[in-house]
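Student: These are the residues of each chain, in order.
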Amino acid sequence: MQAFERITSQVIPLDRANVDTDAIIPKQFLKSIRRSGFGPFLFDEWRYLDRGEPEMDCTDRPKNPDFVLNQPQYAHGRILLTRENFGCGSSREHAPWALADYGIRVIIAPSFADIFFNNCFKNGLLPIVLDPETVDQLFREVGPGYELTVDLATQTITRPDGQVIRFDIEPSRKERLLKGLDDIALTLEHAEQIRGYEARRREEAPWLFVPIQP
Amino acid sequence: MGKTLYDKIWDAHVVRTDPDGSTLLYIDRQLIHEVTSPQAFEGLRLANRKPWRPEANLAVADHNVPTKNRDRGIADPVSRLQVETLEKNCAEFGIPVFSMRDHRQGIVHVVGPEEGFTLPGITLVCGDSHTSTHGALGALAFGIGTSEVEHVLATQTLWMRKARNMRVQVKGHVGPGVTAKDIVLAVIGELGTAGGTGYTIEFAGEAIEALSVEGRMTICNMAIEAGARAGLIAVDDKTIDYLRGRPLVPQGALWDQAVEAWRDLHSDADAVFDRVVELDARAIRPQVTWGTSPEMVAPVDGVVPDPAREPDATKRKGMVRALEYMDLKPGTPIQKIQLDKVFIGSCTNSRIEDLRAAAEVIKGRKVAANVRLAMVVPGSGLVKEQAEAEGLDKVFREAGFEWRDPGCSMCLAMNADRLEPGERCASTSNRNFEGRQGYGGRTHLVSPAMAAAAAIAGHFVDVRDF
Ligand code: SF4
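Quick mapping for you: the protein sequence lines, in order, are chains A and B. Mapping to my numbering: the first sequence position 53 is 53, numbers consecutive. Mapping to my numbering: the second sequence position 224 is 224, numbers consecutive.
These aren't lab readings, by the way, just hints derived from the structure by calculation. It is possible that some hints are incorrect.
Said to hold, decoys possible - 20 Å max Cα-Cα, derived DMTMM-like pairs, lysine to aspartate or glutamate: (1) A:K174 x B:D20; (2) A:K122 x B:E42; (3) B:K8 x B:D264.
Unchecked claim - Chain B stretches covered by chain A per the calculated footprint, using a threshold of three residues with CB under 8 Å from any CB of chain A: (4) 112-123; (5) 146-152; (6) 174-181; (7) 313-320.
Claimed, not checked - The calculated label-pair distances, taken between Cβ atoms and stated as ranges, are: (8) B:G172 x A:Q137: 39 to 47 Å; (9) B:E55 x A:E192: 20 to 28 Å; (10) B:G364 x A:P62: 35 to 43 Å; (11) B:A313 x A:E147: 20 to 28 Å; (12) B:E55 x A:E204: 15 to 23 Å; (13) A:E204 x B:Q251: 14 to 22 Å; (14) B:R464 x A:P72: 30 to 38 Å; (15) B:K68 x A:R34: 25 to 33 Å; (16) A:A153 x B:A313: 29 to 37 Å; (17) A:P206 x B:E84: 33 to 41 Å; (18) B:A47 x A:H76: 32 to 40 Å; (19) A:P72 x B:T332: 36 to 44 Å; (20) A:L181 x B:E84: 28 to 36 Å; (21) B:P247 x A:A153: 49 to 57 Å.
All of these numbers come straight from a predicted model, not from anything done at the bench. Glycine is no exception: its CB is placed at the ideal position from the N, C-alpha and C atoms.
The whole structure should be built from the sequences, with the hints applied where relevant.
Tutor: Here it is as structure tokens:
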């Protein structure tokens, strides 16, 4: 996993609440058995005027000029600013894959859907929860040339005028993100403890350890 | 202080807790399907890892499978590759799988309870948000992402933080014609799609106790639509009767021992919930969604609401956008909404009782001329066999419905079944998001009986006077 430290970037304002994972990456792209290549199809139904299909070449597709990702002033944005309950709906990890593949590294919103929020951390994406007033204020400020600096180590967002906004993150998530650590390898350091749990549990609930033979 | 049902299951599965509160939680069982697993298996392969307990998993393809002419295989090469990849991966890693041709194949969330793979008191996960369904049996069940699917395969655990406890208490009894689907849509209308975020919701109260286990699955299925990863319902006699004799439940003395343990799977009388929401069942009428989020819902005798009356600016914008997408005007009576298609299916409403309820309404009647396609997609091969044994397939066919093979089908339109742009559908599924049932398609969520009545009338009607 890609480590995350600090980023200074343009901010893409996506002024909608309840953006669901179907909108982030429509279902036809879920047929892929790969983990990469979803970036060109990020927000496909909002971004293009035709209907996207897996594996298609997106360079000549008709674009929706009103959609924020198609506006030149946000072309290099890697920070997404959005509204509450971002990432609701389907559990598809293709949503963070598509965001990351497109180049997004940070998402700022007043709230996120739980599964999506978890999935972000597995993919080097940093979701930041700020109070609705601060998000409102950022929406008012954002525009061409507007940049924020997000620093994970100090848990700060620095505005163009130098003002600093602090954000919270769980310590264990922060560390994994900073180091780009592999979750499974870390968990397997506790393999003995997992086996110990299983031995205890087998006494209490032996029926759970009968192998399933359908 | 007493414990909630959620506390009890959680506590029984803690492997370790770190000082910051992150908990390594043991996962008893995992369901796997073709869409969210290929990258997880690939990850195992790349890291040269083996599943921790292959036999604690069960896989079945459901999202991509065709619902007709299945003997001809899958026409779309991309879908075919995904389904074949699932079967190959399961063979390679020793994971039990129902192939597309197995008569037990179906939607994961229908198959799990039906086989007795889902048991009370277990932790169960699946790379699918509607895993909340299994909470109906008193299991702590929730959807996860693909990295977590891989993590569970490799370690039989997940890193979690405990959610807060919410109880949704549905008091009193619903009137005739009002079903589990209407209850849960009313709950979502009340809570909003993010109201349950960060919570595990336990559904309780007379109206929930009165439901069959299948009805309870419909309720828990949509907990995620209220933002909660998991929904739960206490174990009672109905739960145990439902499970008795199913193929994968414990046998002999183990069954008795398990049942004894399951009897404790309810919240203690003095348990404390972080939030309690009460609803009066008698006030719940059949529900129809009018927008592009499940919280945008109205009673069937109501009208499409007016955004101008919504004080919250973000919500108002969302409503305007939804009405534009749905091509509806504020003030339109719900019963004036005309339909192009009707879909009875999905993990919310494709079990035998759902099909019986729909067939009951349809019997001896014909699908309206303006409805281009009305289809029934049973939740599993076994549901299909049961329905055919009861003659329900004939009732549907004679009325003009198509009778299909099991799978997710038009719930999310990953296979060939989908809405065309602009088409309007009464659907028994769980999501009415933009494009969910096909690009440009318009979805109204309803109960099976309401969908059946709408197919006959050609527009929504109140099933209570139908
Ligand atoms: S039926 Fe629909 S909601 Fe259920 S698992 Fe399939 S796609 Fe998901």
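Student: Compare the structure with each hint and give your call.
Tutor: Taking the hints in turn, this is what the structure says about them:
1. A:K174 x B:D20: Between K174 of chain A and D20 of chain B the Cα gap is close to 12 Å, so the pair holds against 20 Å.
2. A:K122 x B:E42: Status holds; Cα separation ~16 Å.
3. B:K8 x B:D264: 9 Å, holds
4. 112-123: n = 5 at 8 Å, threshold three: holds.
5. 146-152: Coverage by chain A holds for the region 146-152 of chain B (5 residues, Cβ < 8 Å).
6. 174-181: The restraint on the region 174-181 of chain B is violated, since only 0 of its residues have a Cβ under 8 Å from chain A and three are required.
7. 313-320: holds (count 4)
8. B:G172 x A:Q137: 39 to 47 Å: 46 Å, holds
9. B:E55 x A:E192: 20 to 28 Å: Holds, since E55 of chain B and E192 of chain A (Cβ atoms, about 22 Å apart) stay within the stated range.
10. B:G364 x A:P62: 35 to 43 Å: With a Cβ separation near 50 Å, G364 of chain B and P62 of chain A fall outside 35 to 43 Å, so the hint is violated.
11. B:A313 x A:E147: 20 to 28 Å: 27 Å, holds
12. B:E55 x A:E204: 15 to 23 Å: For E55 of chain B and E204 of chain A the Cβ distance comes to about 19 Å; the hint holds.
13. A:E204 x B:Q251: 14 to 22 Å: 18 Å, holds
14. B:R464 x A:P72: 30 to 38 Å: 56 Å, violated
15. B:K68 x A:R34: 25 to 33 Å: Holds, since K68 of chain B and R34 of chain A (Cβ atoms, about 29 Å apart) stay within the stated range.
16. A:A153 x B:A313: 29 to 37 Å: The hinted range 29 to 37 Å holds for A153 of chain A and A313 of chain B, with Cβ atoms some 36 Å apart.
17. A:P206 x B:E84: 33 to 41 Å: Since the Cβ atoms of P206 of chain A and E84 of chain B sit about 37 Å apart, the hinted range of 33 to 41 Å holds.
18. B:A47 x A:H76: 32 to 40 Å: Holds: the Cβ-Cβ distance is about 34 Å, inside 32 to 40 Å.
19. A:P72 x B:T332: 36 to 44 Å: 40 Å, holds
20. A:L181 x B:E84: 28 to 36 Å: Since L181 of chain A and E84 of chain B have Cβ atoms about 33 Å apart, the given range 28 to 36 Å holds.
21. B:P247 x A:A153: 49 to 57 Å: 53 Å, holds
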